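Asks: Position chain B against the provided structure of chain A, taking the given hints into account.
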Amino acid sequence: MVFSSLVFLFLFLPCTLILYYLVPKNLKNPVLLLASLFFYSWGEPVYLLLMILSILVNYAFGLLIERSKALANPAIKFELALAVLWNIGALFFFKYYALMQDTFRFLPVLNVALPIGISFYTFQALSYVVDVYRGKNAAQKSFISFALYISMFPQLIAGPIVRYSDIESSLSERPATFMNFGLGVDRFIRGLAMKVFLANNFGQLYETLQTMPEKTVLLFWLSAIAYALQIYFDFAGYSEMAIGLGSMFGFRFPKNFDHPYMATSVTDFWRRWHISLGTWFREYVYIPLGGNRVSVFRHILNLLIVWMLTGLWHGASWNFLLWGLYYAILLILEKYVFGRLWAKVPALGRIVTLFLVIIGWVFFSHTNISDAWASISGLFGVGAAGFADSAVWYYVKSYGILMIVGITACTPVISKGYRFLLSKAPVLGAVIKVVLFILCVAALIFESFNPFLYFRF
Amino acid sequence: MDSQKDKKNSALAIRIIALVFVTLLLSFGILILVLPKAEYSSLEKRVLSKHPALTSNSVLSGSYMEDVEAWISDTFPGRSLWVRLSSGLRSLFGISESDDTVLSKDDYLIERFTEADKSEVQDLLIRFLKATGISSESSSGNSSGSSIGGSVDGSVGGSVDGSASDSVGGSASILIVPDAVGTIQSDAELSSILPAGFPTDNESDWLEQFYSSFKEKLDAAGMTEKVALIDSRDALAAEWIKGNQVYYRTDHHWTTKGAYTAFSLWKATVLPNEPALTYEAHEVCSSFYGTLSARLPFASVSDSVEIYHSDKSPEVLVNYEEEDRITTSLYSADGLTGGDPYEVFLGGNYPIITIRTTAKTDRKLLLIKDSYANAFIGFLTPYYSEITVIDPRYYNGDLLLLAKQGRFDHLLILYNANTFSEDSSLQTVLEAALAGKEEP
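These protein sequence lines are chains A and B, in that order.
Under my numbering, residues 1 to 457 are what the first sequence spells out, in order.
Under my numbering, residues 1001 to 1440 are what the second sequence spells out, in order.
There are no misleading hints in this set.
Quick list of simulated restraints, FRET-style, between CB atoms:
(1) B:1004 to A:262: 28 to 38 Å
(2) B:1027 to A:106: 52 to 62 Å
(3) A:221 to B:1280: 50 to 60 Å
If you are wondering where the hints come from, they were derived from the structure by calculation, not from laboratory data.
As the structure is a computational prediction, the values presented were derived from the model and not from experiment.
We treat Cβ as the ideally placed atom computed from N, Cα and C, and that holds for glycine.
The following block holds chain A by itself, in its conformation from the complex (with noise of 0.2 Å):
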């Protein structure tokens, strides 16, 4: 199930929310729990019982490895090992098997699709197994609680990948206030608007573009603006309802997005982009590896295989090695070469970022290489029907408002306004929040186009 359907906001929500706060104290997680399986099942019936038991599996060895580290048993290693072989086989099975498949012709074809979340539910349950290694935090006695960590519904298929210690303390005991549930509303209304007005929108403007037999180079540009939209619209958006849906049950996720298109520098971009993942490479395999404290020679490697394996995360297919190889190369450059020009200038700085990230999107949104190629030959005139054409102006009159309102969106502007509205106006600012959900709505009834984009994630 996904946040932007008609059966999610108005039947499994509303069900949810009812029995969710007429339930005692004691019930609340066993509730959560189901309508969480029930989530899940409704998007993957087959692949729930591989959620459930990699649930199992880590909840043994977090207790396992517990044990252990108060016996000061030297298994523990092997412990620690096992749990991690499990996560990661798993995800590689069931993730890049294909991709192997497909590269190395001799293995014999299996067909397995991907299981939605399987990404994101793993890297959670390798935080809380390597924190309760590391002594970081307690193992979960509760099965209950535990098997809440790995499959609550608000962030189980898209993120933001929460670690353990963030919510250990809220799984037990949390303030159900009606003002924490209205600002997991209201951030949930946010969320829902830049999915549905500006991500679908730019989302349908790429793909018309896309079936263009011939473009002109600023229809290149329009391509890639309108992909980088997109694709941030379509992230933060959702992560905006996930942490407002969490809000609405008393938990408080991390920040996923920081305004990453307002970045100084690429180093500074990945900071504010997906921050939860960048916090989970760098706690669990950059800092593991040495970070940035050895031979300059091996941090460069250390970069690498981090941007590599980033790059992959995001989907089997080779075209995110080379995106992620691509952003090592940038943030090694950064850091060696270019880093303090950005620092004197920094709106130098923010122009080069935002050129680099939306010549990497245009990677990353083609799994065919020579595909991304063309369109980035494109944007320079290589292989382009001449500069402008009449196209072009159609389609920046179809999408110009919305592109102006994405724009601004991409900045602190419109948050900040709407802030000041609600503390000087606040019935007109409730208005107009409850206004654009009804438009929301009418949108996700009239319109067909409304994709998922983190199926191969």
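Replies: Quick look at chain B alone, frame taken from chain A:
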């Protein structure tokens, strides 16, 4: 002080938002569960989805969940209001296009035309005509213009003398009809009626190119005499300029007037010596919103649907073979009142229909077509004793066997250019028919 008040205000706003949100969720949730579900949307002119069957298979494959989402969306309480709201908002943003459809300056809903290379279909058609023998000398002798009594079954062809006039125009004809935009030839004129810059291929140019390359291929195959290529662009454009509406405003189909215009052109080529009938137009539907109006519900202006009647039209027996259903009319009252009034013509599209007529002839026609032909068939019945109508989009039988056994005098391929360009089922059906069956 002030910030205290600001905080209070913000908290008030958040409370209002949360309350209204919960109220909307609950009330629409209840309405979805209790309200009876509509089966048909008159605003969008389409049959809505129904509650899917709940089976273990449909649940495990996930198709049940997808269908439920479609069903809830289609039957959402107050759907037509929501649709108006959303489509109104889109036009407010300046988005003129919805599902490849825009509103022209003269209030026609126009679909984007995307050209496709149809040279393979041309080759297949030539091979098909050869394989059926329809284009060969011996079979053209089968056709007969002379009437031999009113026997509906007709007599077996071959023994009847063919009159000289029948060979005129050949024994097959290709009629690929332009859409409304395809009647406009110059790019400048096209862009003057479409939203500025709307990217679309020029259908008229594509048809021009299609016909000229087809003609070259027929020349090369020595079949020019046998296959008539009928280009109806100018005839339809001329009627339109005269002020006769040849296309519906809200539907991709042609009007009966449009069909008649193209028929007259076709008859002048294929059956030049047969008398023409005079027709009287009867309006059967005065507020016709076609299938395109679902895409831009705000823009739509209604049309009327007409049926052309002549006292001299023969009686017909229409056999919907796959359904084992026989009617005595080319028109369907159910079609008129159902989702799409264009279905008044033959009740819509079926894989195979055979029409027997009381026309005083034993000519037999094989018609391979899309829905454009449905409004055209009424004009053909006076000249054929039997018409076999195949819609390749739904037909999966052996077309070659059918064509050989049917002893047809003429094969007509009648398509709308847009369907012909986009749809690949004709190619599939022809490939299946020819696979391994051609004589060397």
